[in-house]
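Q: Chains as they are written, first to last, in this note's numbering: chain H, 1 to 550; chain B, 1001 to 1435.
Misleading hints may appear alongside valid ones.
In silico DSS-like pairs for lysine-lysine, Cα to Cα no more than 25 Å straight-line [to be verified]: (1) H:K209 - H:K24; (2) B:K1007 - H:K397; (3) H:K102 - B:K1308; (4) B:K1299 - H:K102; (5) B:K1003 - H:K72.
If you're looking for bench data, these hints aren't it; they were derived computationally from the structure.
The structure displayed is predicted, hence computed values, not measured ones.
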Amino acid sequence: MIIGIDVGGTHTDGVLLSGDTIIKSAKIPTKKDNLYESVIKALDSLIENTNPSKIKRTVLSTTLTTNAVVQKKTSPVAVIVSAGPGIDPKFYKTGDYYFVAKGALDHRGRELLPVDEQEIRQVSEDIKKIGIKNIAVISKFSPRNPSHENQKEKIFLANFKNIFKGHNVSGHLNFPGRINTTWLNAAVYDSYEIFFKSVNKSFIERGIKSPVHILKADGGTMPLEQSLKFPAQTIFSGPAASVMGALPSSDKNIDSIILDIGGTTTDIAVLAKGVPVIAQNGIKIQNIKTLIRAIETRSIGAGGDSFVRVENSKILAGPERKGPAMAFGGGFPTPTDALVFLGEINEGDFEKAKKGIKSISEKINIPMKETAEKIVDITAQYIVDSFNSMVSDINNKPVYTLHDFLDGYVLNPQAILVLGAPAGVFAKRIEKLSGIKTLPIENFSIANAKGAAMAKPTCTVTLFADTARKKAYAVSENYEESISSNYSREDAYAKAKALLYAKAEKMGANMKNIEIETIEDMSFNMIRGYRSSGKNIRITLQVRPGLVSA
Amino acid sequence: MLKAKNKTGLVFFPAFDWAIDPTHPEREERLLYTKDQVFEEGIMDIDGIIEYKPLEVTKNEINRAHFCVPDIESVTTHSHFISAGGAKAIAQKFAKGEIDKGFALVRPPGHHAMRVVHGGRGFCNINIEAIMIEYLRKEHGYKKIAIVDTDCHHGDGTQDVYWHDPDVLFISLHQDGRTLYPGSGFHDELGGPNACGYTLNIPLPPNTSEEGYLYTIENCVLPILDEFKPDIIVNSAGQDNHYSDPITNMNFTAQGYAKLTTLLNPDIAVLEGGYSIEAALPYVNAGIILAMAGIDYSKVMEPDYDPKNLKESPETMKYIKNVCEKVFDVWNSRHNLKKKIYGNDPIFKRKRNIMYDTDGIYERQFQYITNCDKCGGALKIDSESDRGWKITGIHAPVNVCEKCLLQAEAWYKESNSEINYFHDNKNDRFERKKH
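Isolated chain H, as found in the complex (with noise of 0.2 Å):
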């Protein structure tokens, strides 16, 4: 058996699966200063009367990361960096003491100028005075050479526990994308701590053996044990948990949008023949950029509870709330008042919801019912736009190779899942306005929990090799190795290939029917004068998101 458990907002929602089939489900509100008290909570009431041992795998999607920053509750963290030439590093300046060390590395990881230790050393020493206890360290082109990061860790060692290396985050290029998510992963990482502990001793005291993993962005899991080195990773995991609660009702053959419809806002995420469309360069959180991958949302100022109001003699909708619907105790009219007086939604007050719509169609001099109808098709209308305008920006993403230009993937949604309260009621609408097949989703709290618990594991891996230098890399696995100058890119991608199963076995997939997708597999032959003087390889693969085969 699975569980599944979501904390969200509001609720927070568990299942207890037996292969695909719920046994039981759960729903108890979310207590925002413990969400610890919230998950355990769900877990016993799934786990009442089942034998513990039989319960093979746990699933859990917080949103402790995500709330810890956007409520800033996050702990101090020293920022050391090492730039060399390019952008000032004074405009990436993040976190409670920041610091420009020496050191610069180039785009092939050539060193241009050692680290000074003695200069580390006396930033070691002040840190210590002032009592921070994270460390982040980061340099630029770290990815290509991670010896400058290592270096200065070495000697913060003899003052601090925890340092975070930019290296061990992303194999990616971007530097201030490689500051602001090593902080991130240090600022989280003492409130991360507390919860981490707290939910490995529960589960040992309830019996629970079997491994309890941790919902990510990207809709995949990792280990609970993993997800403390990568706290930052958790950040958006209920979006994720939407997402993948929705992929049992999509077809594998075709492309489809997910909506998820809720009072404020509408979150939007596109499949791609039933895989979800990664953000693999990472998302922003609070406008900070980050290099955390994540499956590709939108959220739009469209819902249920969208403040309705004309203007210029025009119906607006949206994207602000102004509190529930007149139906529901509001002051403004809303789209679920418009449904509620077209007899769609049977809950509320319909005298209340009759006095919204009328207040507009006044204004407007329209009959009532055209009016309500009105109200919720520009509703509609706006999240039809927007998942169009979104599809149309994933297929105009830059692409750096004709090959990708030529022959990349094109989307072609044919399908709408539409999960949240006012589902049913916006999916014929949408339908209509889209002339795409558009089917509700029941149960979607539900489905959220079923989603996480039957996530799959998920990992990437970046290789980086250059047989000039003689030297391979996959900086997140902590891999280094010398090579020779006959070094090839099939030597390259079997490696990684190699490295990717090792991690996915460490993150607890099942290895029987892992799938790996390449990212990036790129050989450059590197001609000095008219020769050449080796190649400079970069291999990326993932293994994608999914659902565990029930």
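We have chain H already, so just place chain B on it with the hints.
A: Just chain B now, with coordinates in the frame of chain H:
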């Protein structure tokens, strides 16, 4: 947090799977380290910098700038359509007001491609700036255009395409043609009879460094641009004036390129040459992008940058000032030059021999242009190559007057070469007939 003062669009198309041949300077690897640097700097995430996917140009968009012999397919690869399409994408976003400035960081380059194309010359097959400019003129109504070519090699292709057009001011700064390919670009190349003084060449001596180059921009190029008052300034942003470039002999720097971009303040920049792919391009490109966006670039420099080693000698400075004087002479006397140089025939004729170094082709041309004070004139080109092609190309510019258009039509009617082209940019009419 960094924020761009100017909303800046970028098209980055390094064509990682395209080369002229595996060891050619124009090979897969050329923009690899530039991509590494630009992405590691996080430039694409800066607020106000937007990366766009290139478009593909259509055949008729190419026809506006070229007569391709025997046809477009034979002298291009798909990469050329996308490279030109990258420049077009930037032009489109600019014309629609989505961006304040734009840079097409694309390859292959184009500024050696002339109006008639028998093959590749100077690594170029079709002229990506010219195709972009004709797009801006036809689709977005731009009238007066200035092109400043800062590639180290004379932009002889762009010069050829706009030789007769007084609405397009072409200024090329380059290493003196007596010391570098293509061996042209002297003061006396100053435009055809209808556009005298609207082609300006500034041949700079070898070893020109920051001081001399920036002096030329400030004291020669900028005053001329001020007087011309273009609707748009396009920079053919070659990067081979760099001190580390393997195929040229100049002493320019990443700081120099960034400052040049700030001074020149182009609306659109299009990458041309630049073959010091590790020591120069990563820093030069980062510098140009930041300069366009109005972001601090004071720390963008080569790892081995040392201004002391690159100081301009007094002799070089003196020589450069003299070059600038000569350019001013041409510009200031442009209204009197036509009579003096070309006389007053109803139709002018010129003969040219053109070499295609990349593909090893020789071409012989006779050009005929109507004498017109109202437009750029109707142009007829009889061209034959040692590959055996004989063609006649008739071109009516987008600003063509009625009389010259009639002449162009009459020429086409009577033309009887192996292939005859009629390209009327004003009405987007592109016809061809065979004999």
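Q: In ascending order, which of the hints set out earlier in this document are inconsistent with the structure?
A: Result: no hint breaks.
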